[in-house]
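All chains, full assembly: derive it from the sequences and hints.
There are 2 protein chains.
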Amino acid sequence: MDRQTLIGEIFRKKSFLCIGLDPEPDRLPVHLKEADDPVFEFNKQIIDATRDTCVAYKPNLAFYESLGPGGWLTLEKTAKYIGNDHLIIADAKRGDIGNTSRKYAEAFFKHMPFDAITIAPYMGEDSVTPFLEFDGKWVVLLALTSNKGSADFQGETLDSTGGPLWEHVMRHAQKWGTRDNLMFVVGATHPEAFRRVREIAPVHFLLVPGVGAQGGDLNAICRHGLNRDCGLLVNAARSIIYASQGPDFADKAREEALSLQSSMQALLKDIPK
Amino acid sequence: MDRQTLIGEIFRKKSFLCIGLDPEPDRLPVHLKEADDPVFEFNKQIIDATRDTCVAYKPNLAFYESLGPGGWLTLEKTAKYIGNDHLIIADAKRGDIGNTSRKYAEAFFKHMPFDAITIAPYMGEDSVTPFLEFDGKWVVLLALTSNKGSADFQGETLDSTGGPLWEHVMRHAQKWGTRDNLMFVVGATHPEAFRRVREIAPVHFLLVPGVGAQGGDLNAICRHGLNRDCGLLVNAARSIIYASQGPDFADKAREEALSLQSSMQALLKDIPK
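Just so you know, the protein sequences line up as chains A and B, in that order. Residue numbering for the first sequence follows our numbering, beginning at 1 and increasing consecutively. Residue numbering for the second sequence follows our numbering, beginning at 1 and increasing consecutively.
For the record, the hints were derived by calculation from the structure and aren't laboratory data. All clues stand as given, with none of them false.
Note that the list lumps identical chains together, so a pair holds whenever it fits in one copy or between two copies.
Cut-off 30 Å, straight-line C-alpha distance, at most; resulting in silico cross-link-like pairs (DSSO-like, lysine-lysine):
1) LYS148 <-> LYS110
2) LYS175 <-> LYS137
3) LYS80 <-> LYS14
4) LYS33 <-> LYS44
5) LYS14 <-> LYS44
6) LYS148 <-> LYS175
7) LYS252 <-> LYS13
8) LYS252 <-> LYS33
9) LYS33 <-> LYS80
10) LYS252 <-> LYS44
11) LYS110 <-> LYS13
12) LYS269 <-> LYS137
13) LYS14 <-> LYS137
14) LYS80 <-> LYS110
15) LYS44 <-> LYS13
16) LYS77 <-> LYS252
17) LYS77 <-> LYS33
If you want it as structure tokens, here you go:
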């Protein structure tokens with residue numbers, strides 16, 4: 001899905017919600033556990049219940065890899081089931097030397113129908129650029145993550161710039177990709193950073209995790225985070241997909257997603273035309 | 001495999017060679033392409049031909065993920081085929097928020113028989129420590145990688161320490177793990193860094209990629225890299241596994257591995273008892 005289509009979908013659906021599909025076998029509703037592929041059945045019902053509320057889905061690879069070899073099949077089925085009307089992000093945090101990153105890019109962009117993949121920047125340019133060589137596909141580069149450990153290295157001040165590492169990552173990576181194939185991860189748990197983020201990357205889309213279970217506040221990140229094209233994809237996973245663990249889990253997931261969508265609709269109204 | 005066993009194996013086999021199992025379908029010998037699972041057959045013959053020459057195998061996940069869902073089965077079969085007498089490193093470059101890193105750890109340490117996994121440090125402490133909670137398992141943390149892009153961020157000088165980021169990563173991570181469950185990746189393409197590496201981490205094992213196809217020199221890294229327990233695992237992949245693409249590929253792989261092993265034997269002799 002290209003940038004114009006994504007922006008079109010955001011304003012049509014009045015939503016910049018991304019739903020994280022991070023299924024944990026222990027937290028699935030009991031009545032699904034008899035299904036052939038309980039995780040796929042769970043995802044399918046969540047997707048059916050939320051399609052019109054969101055513009056993106058983001059399966060996190062860890063939750064599929066931890067299912068063993070079958071998990072990879074479940075992931076592929078899930079991505080195919082989502083189809084072409086949503087941006088599908090592989091939350092994979094990959095990144096390796098050039099010839100190896102190329103293989104990862106093939107895995108997610110050629111063999112599976114993902115539109116985007118999250119990448120860790122530690123290994124630098126040649127670990128990122130192989131993913132940018134696929135037409136219509138996106139790199140979502142970690143900049144300032146939502147977790148406590150983001151302070152350990154991302155927050156270190158650099159001699160060369162006088163600013164923190166994460167700012168340098170955002171600035172430097174813009175030499176490799178464009179607004180059409182590069183987004184950044186900025187955690188909702190750092191609302192104070194969004195003004196600075198928009199100084200450094202005014203036009204790029206940001207993928208914002210940390211709303212919901214991690215405690216980030218939607219209004220706080222939108223104050224400076226929204227740009228003319230919206231420019232945000234706000235992810236929520238656990239607060240939606242585990243809104244209930246009963247037979248009504250899909251309905252409750254829809255309620256949670258609609259509640260976020262309705263807040264987003266109000267925020268999108270404030271964007272100057 | 002624990003540290004004492006690993007050291008024992010190194011001195012018994014007179015080798016600190018790690019063989020990278022990074023199979024590319026296009027580069028497999030033609031006569032294997034008819035096999036049920038050509039990549040597994042390739043790995044199996046490489047392993048059979050090199051078991052006594054090396055102490056570790058390191059499959060890089062990208063080469064299995066790019067095979068599609070079946071690749072994960074091939075990876076699992078390969079790890080099981082290696083067995084318990086070698087350290088098995090999942091070269092996966094993972095790392096995510098705490099609850100997610102835990103899932104990755106389960107994938108590699110519970111569901112598959114890996115002893116160690118490579119981790120990217122960008123997301124900090126809570127992205128790394130879940131992997132350290134598994135008895136007898138190892139984190140191999142990226143410090144100074146072998147690729148050109150390692151200069152982009154790893155080499156940035158920090159205000160707080162006056163040294164480069166990679167040194168800070170090595171120093172800081174030693175608060176999270178010990179010599180018994182934490183190694184560092186230091187690329188053979190930076191021979192000049194090994195003296196400094198050993199000042200910062202005198203006792204930890206280092207996983208050293210970049211010898212062979214990437215041009216690193218074994219003697220140069222050993223000058224300062226070896227410690228009393230050896231302390232090095234030197235990885236070679238392409239130069240061994242693609243030494244020939246003919247029917248003699250396993251024999252040629254063995255020759256290459258033995259040649260490295262023999263250089264290592266000479267270097268190990270110089271370690272003071």
